[in-house]
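Let chain A serve as the given structure and place chain B on it in line with the hints.
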Amino acid sequence: MLSSDSNRTGAAGEPSTAPGRCLGCGTVLTGGGCPTCADNGLYRFVHREILLLLALGAIAGTLFLLTRAAAAANRGMRVREAAVWFDLGQRQLQARRLEEAVTSLRRATAIDRDNGGYRLRLAEALAASGHDGAARQVLLELRGRAPEDPDINTSLARLEVRRQDLTAAVRYYENALYGSWPADQPTARRHLRVELIRYLLAHGEQRGALSQLLVLSANLPEEVPLQVETAQLFMSAGDSRRALEHFSQALRADRDNAVALAGAGEAAFNLGDYSRARRYLRAVPRPTERIRELSTLADLVLSSDPLMPGLRWEERRRRLLAGLTHATARLESCLLPPGRDIESSRGVMDSLKQEAISLTGTATAGRFRGAPEVLERGVDLISRVERAADDAGCGARANVDRALSLVARRYGSDEP
Amino acid sequence: MASSQQLRLRENQLFFALTILIGVLAGLSAVLFTVAIERTSHFFFGFAPSPARLFLVPMLVSVGTGVLLATVFPQARGSGVPQTKAAFHLHDGFIPARVPFGKLLTGVLCIGSAIPWAVKVPRFRSERASRPS
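Protein sequences, first through last, are from chains A and B.
Take 1 as the starting number for the first sequence in this note's numbering and just add one per residue.
Take 1 as the starting number for the second sequence in this note's numbering and just add one per residue.
If you're looking for bench data, these hints aren't it; they were derived computationally from the structure.
Any given hint could be a false lead.
Label pairs and their computed distance ranges (CB to CB) [to be verified]:
{"hint": "1", "chain 1": "A", "residue 1": "Leu65", "chain 2": "B", "residue 2": "Ile20", "range": "16 to 26 Å"}
{"hint": "2", "chain 1": "A", "residue 1": "Val84", "chain 2": "B", "residue 2": "Ser79", "range": "30 to 40 Å"}
{"hint": "3", "chain 1": "B", "residue 1": "Val24", "chain 2": "A", "residue 2": "Ala146", "range": "28 to 38 Å"}
Sample of chain B residues lacking proximity to chain A, with all beta carbon distances greater than 10 Å (derived) [stated by the list, open to error]:
{"hint": "4", "residue": "Ser50"}
{"hint": "5", "residue": "Arg53"}
{"hint": "6", "residue": "Met59"}
{"hint": "7", "residue": "Val61"}
{"hint": "8", "residue": "Ser62"}
{"hint": "9", "residue": "Val63"}
{"hint": "10", "residue": "Thr71"}
{"hint": "11", "residue": "Ala86"}
{"hint": "12", "residue": "Ala87"}
{"hint": "13", "residue": "Leu90"}
{"hint": "14", "residue": "Gly102"}
{"hint": "15", "residue": "Ile115"}
Just a sample of chain A residues kept apart from chain B, beta carbon distances all over 12 Å, derived [what the hints assert, rightly or not]:
{"hint": "16", "residue": "Glu49"}
{"hint": "17", "residue": "Leu56"}
{"hint": "18", "residue": "Arg75"}
{"hint": "19", "residue": "Glu81"}
{"hint": "20", "residue": "Ala218"}
{"hint": "21", "residue": "Glu229"}
{"hint": "22", "residue": "Ser236"}
{"hint": "23", "residue": "Arg255"}
{"hint": "24", "residue": "Val400"}
{"hint": "25", "residue": "Arg402"}
{"hint": "26", "residue": "Arg409"}
{"hint": "27", "residue": "Arg410"}
Even glycine gets a Cβ: it sits at the ideal position worked out from N, Cα and C.
Pulled out of the complex, with its shape left as it was, chain A reads as follows (with noise of 0.2 Å):
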């Protein structure tokens, strides 16, 4: 506050030459102002800012709370909304009501972003109704996030299996297959294992489908279903000696389960072991025409077989000859009429008769006690008969024939 004039004037009207002084503060003047006074103010004036500040630091706090909380609230109002769709969604794919599904869960996945489950299912609920490309480019999104995810390998791998591209269906079913299951679920995991087993039979890929059942048989549980299951796939993959395995172990638990007595003896038979199969196919109740027929087969080589061990020699003799007769009464019958179109063969068959002829004649010695060295001849002169009917297309083969042949192969002569 500056001074008044007065107090610049001394006695008499004549101007002081004493410096001004402050009227507020007392403090005398300098260029013209005081400067405590403008101090003061200035100090009065930060000190009202820093008051300001923290009233406006303290509603911030206050804002940042209240705002906090009402995003929270908002967030949990959208999960429940999105809740509400995506169960409508569900049960509207369940009723196959396909494009409202689509629609409900496309809602949901628009309200909640971050949950995974919803976009799964939408691309379920897509893929169902036919859209396979956004169904794709949902999955693949997805997958790009959790690369391991099972779920989402799995219908992936479906997708690809409907576009009939095998390489990229089997790279997604193993994807799924080794990727991060929860410990809950080995079954599903084992159901996933067999849908590519099956898929891959199906597409002549034999020997993906054996390493897939190998690991599948390695874990498997007990159960007599699931033991049956893997021992019928094994025979479809063409590994007769698992399949068996199998099927023994499911009969140990359930010992009249046909459809294991059936193929148990199916695999037994081929496997060349006629005996076992024979046990087996008679066991089964309500046979099939497959397996009488696989049961008939079985009966006739062990009937044929004049190399079986615990034969005499009389009956070894007695069956080398039946087998020789049929099997040439067979080429007689190709040899006779005339006129039929089989002389680039005839030679081969006549020669073939006439060592027939002194086979039969060597075993009908007296001298012949079942030599090994005549049976083994027998029985390949046999095979070769009949593969040379074979050849020449000398009428169906019957039982026998076909008895005689496996007879051959169990040891060794069927090869060409």
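Here is chain B on its own, set in the frame of chain A:
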């Protein structure tokens, strides 16, 4: 008492801190505004509004908002930019507390009542784009 130089330095720091704080407040207000719009929309329309509700609510809310702006919050009309300039130059920057409150309320009501229409059009386009040709 601090020297004048120290006070002036502190004054600059205070303005700096004040600026940051006002920015934070503005950001929080924007978030709160957005949340309020969504809540209002949910209040008006729920999960699956009927066509009648979709048609009537925006219309009625617009009328009500107009009445509010005409009678209760006249100073909240307009974009706010020229009004802020006028307050700064003519009234020492003083803005009545009723104005921001009125702007918030009427903005939330108007936008919240029109959200379903704003969402439907892009959704139709995205749904059509995702369908196979």
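Taking the hints in turn, this is what the structure says about them:
no., hint, result
1, A:Leu65 / B:Ile20: 16 to 26 Å, "holds, 19 Å"
2, A:Val84 / B:Ser79: 30 to 40 Å, "holds, 38 Å"
3, B:Val24 / A:Ala146: 28 to 38 Å, "holds, 36 Å"
4, Ser50, "holds, 16 Å"
5, Arg53, "holds, 16 Å"
6, Met59, "holds, 24 Å"
7, Val61, "holds, 20 Å"
8, Ser62, "holds, 24 Å"
9, Val63, "holds, 27 Å"
10, Thr71, "holds, 28 Å"
11, Ala86, "holds, 23 Å"
12, Ala87, "holds, 18 Å"
13, Leu90, "holds, 22 Å"
14, Gly102, "holds, 18 Å"
15, Ile115, "holds, 12 Å"
16, Glu49, "violated, 5 Å"
17, Leu56, "violated, 5 Å"
18, Arg75, "violated, 9 Å"
19, Glu81, "violated, 6 Å"
20, Ala218, "holds, 43 Å"
21, Glu229, "holds, 37 Å"
22, Ser236, "holds, 36 Å"
23, Arg255, "holds, 55 Å"
24, Val400, "holds, 61 Å"
25, Arg402, "holds, 55 Å"
26, Arg409, "holds, 56 Å"
27, Arg410, "holds, 59 Å"
Checked against the numbered hints above, the structure breaks hints 16, 17, 18 and 19 and satisfies the rest.
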